[in-house]
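Number of protein chains: 2
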Amino acid sequence: MEYPSKLIEDAVNEVSKLPGIGKKTALRLVLHLVKENENRTRALTEALNKLRANIRFCKTCFTISDEAECVICGSHRRDRSTVCVVEESNDVMAIENTAQYNGVYHVLGGVISPMNGIGPSELKIEHLLQRIAQTKNEIKEVILALSPTLEGDTTAFYINRKLKALPIKVTSIARGVPVGGNLEYTDEITLGRSITGRVVFD
Amino acid sequence: MEYPSKLIEDAVNEVSKLPGIGKKTALRLVLHLVKENENRTRALTEALNKLRANIRFCKTCFTISDEAECVICGSHRRDRSTVCVVEESNDVMAIENTAQYNGVYHVLGGVISPMNGIGPSELKIEHLLQRIAQTKNEIKEVILALSPTLEGDTTAFYINRKLKALPIKVTSIARGVPVGGNLEYTDEITLGRSITGRVVFD
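Residue numbers (the numbering used here), protein chains in the order written: chain A, 1 to 202; chain B, 1 to 202.
What the hints contain is simulated information worked out from the structure, not anything from laboratory work. Since the model is a prediction, treat every value here as computed from it, not as a measurement. Take the hints with a grain of salt, since some may be wrong.
Where chains are identical, the list cannot tell them apart; a pair therefore holds if satisfied intra-copy or between any two copies.
With a cut-off of at most 30 angstroms between alpha-carbon atoms, the simulated DSS-like pairs for lysine-lysine come out as follows [what the hints assert, rightly or not]:
id, residue 1, residue 2
1, K124, K35
2, K6, K124
3, K17, K50
4, K35, K162
5, K124, K169
6, K164, K59
7, K59, K136
8, K140, K59
9, K6, K35
10, K59, K6
11, K6, K17
12, K169, K136
13, K124, K140
With the hints as extra help, turn the sequences into a complete structure.
Right under this line is the structure:
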């Protein structure tokens with residue numbers, strides 16, 4: 001596409017580098033900013049720059065945080081004996097939103113993916129083992145809440161093997177037919193797993 | 001949703017003000033920036049700030065431009081006797097991309113929409129009339145290329161009435177079944193118009 005302005009072209013190029021945003025969407029967003037008041041663009045870019053410059057990660061669980069320790073790790077009301085292992089900070093937010101979990105977290109920063117050159121050492125797996133060792137026998141259970149993909153399963157398998165020797169219960173979040181899901185439209189792998197992993201009706 | 005960081009919350013709020021971007025998409029984009037190198041965020045925000053601060057509109061056709069006059073109005077190879085009237089600058093880009101048009105443009109900056117408080121005076125309609133008057137008898141045809149909506153049709157009707165007294169041919173872009181479109185899946189209004197507006201087969 002040809003742009004009538006180099007400024008538009010540069011802005012579209014930058015915006016379309018964001019995931020899931022193509023050139024057409026980028027152009028729509030950029031033209032929206034041009035039509036709006038200049039303060040809007042300034043507020044947007046300031047928020048992003050401030051975020052990127054000041055963002056920190058919790059020293060214990062590696063989730064995104066404003067302080068050296070995140071709100072969850074710092075809270076006295078959380079159960080420190082259960083650690084939920086997730087891929088990214090947004091998984092923490094998603095689980096927090098369910099209001100069903102009162103333990104603490106550990107953010108790996110990704111999953112093992114040889115295709116993308118990500119091995120165990122690129123992730124916070126060693127930090128998890130250190131954390132378990134440092135807190136002595138405080139941690140009783142590790143919940144693996146990773147994506148049900150090949151990479152997620154590989155990572156779960158790897159962590160499970162590392163924790164096997166320790167007196168820790170390793171669990172995984174339940175896989176099955178989603179609530180509100182229709183059996184007819186559930187893919188066969190999920191449906192198959194929901195049968196092999198069936199639970200006692202109560 | 002609760003965010004683990006005020007910085008994330010502020011950034012998500014700003015990003016989700018963009019059209020078509022909800023809180024979840026905004027969070028995904030913001031977390032992407034956090035994961036990437038800080039230079040990426042700086043390049044993005046710089047491009048947007050530069051754009052917003054320096055963007056100008058062509059003094060003749062009001063399309064987005066880096067200079068006082070846009071590339072199209074400044075070109076000697078464009079046919080100045082035909083003016084295509086569009087709503088926004090992105091319509092200019094869309095028509096330019098077809099490589100089927102060699103005339104010049106006039107960007108209205110919107111369409112008449114009483115619901116949104118936009119009357120003819122908010123648009124560049126008066127400027128179009130002035131432009132026609134100033135160029136004397138240079139402009140022979142005005143093509144109305146507005147959206148096939150109630151607002152677009154109202155605006156086209158309004159402009160047509162204003163131009164009636166002048167020795168100018170007023171045309172509208174063809175409405176009909178899109179190329180590659182299937183009659184079966186074409187809505188009845190479009191199909192109906194394509195029948196009443198049928199053209200001689202050649």
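Now for the hints, and whether the structure bears them out:
1. Taking the closest pair of Cα atoms, K124 and K35 come within 30 angstroms of each other only across two copies (15 angstroms); inside a single copy the shortest separation is 44 angstroms, beyond that limit.
2. When the C-alpha separation of K6 and K124 is checked against a cutoff of 30 angstroms, the pair qualifies only between copies, where the shortest distance is 24 angstroms, while the shortest distance within a copy is 42 angstroms.
3. Taking CA atoms no more than 30 angstroms apart as the test, K17 paired with K50 passes in both settings, with 20 angstroms inside one copy and 18 angstroms between copies.
4. For the identical chains of this complex, K35 and K162 are inter-copy neighbours only, at 27 angstroms across copies versus 56 angstroms inside a copy, given an alpha-carbon limit of 30 angstroms.
5. Only within a single protomer do K124 and K169 lie at most 30 angstroms apart by alpha-carbon distance; the minimum there is 19 angstroms, versus 70 angstroms between protomers.
6. Taking CA atoms no more than 30 angstroms apart as the test, K164 paired with K59 passes inside one copy only; the shortest distance there is 25 angstroms, against 73 angstroms between copies.
7. Within a single copy, K59 and K136 get their C-alpha atoms as close as 18 angstroms, which meets the 30 angstroms cut-off; across copies the closest is 73 angstroms, which misses it.
8. In this assembly of identical chains, the alpha carbons of K140 and K59 lie at most 30 angstroms apart only when taken from the same copy (21 angstroms versus 71 angstroms across copies).
9. Both within a single protomer and between protomers do K6 and K35 lie at most 30 angstroms apart by alpha-carbon distance, with minima of 17 angstroms and 28 angstroms respectively.
10. In this assembly of identical chains, K59 and K6 lie within 30 angstroms of each other by CA distance solely across copies; the values are 18 angstroms between and 43 angstroms within a copy.
11. With identical chains, the CA atoms of K6 and K17 are at most 30 angstroms apart both within one copy (17 angstroms) and between copies (25 angstroms).
12. Proximity of K169 to K136 under the C-alpha cut-off of 30 angstroms is restricted to the intra-copy arrangement: shortest distance 15 angstroms within a copy versus 86 angstroms between copies.
13. When the C-alpha separation of K124 and K140 is checked against a cutoff of 30 angstroms, the pair qualifies only within one copy, where the shortest distance is 19 angstroms, while the shortest distance between copies is 70 angstroms.
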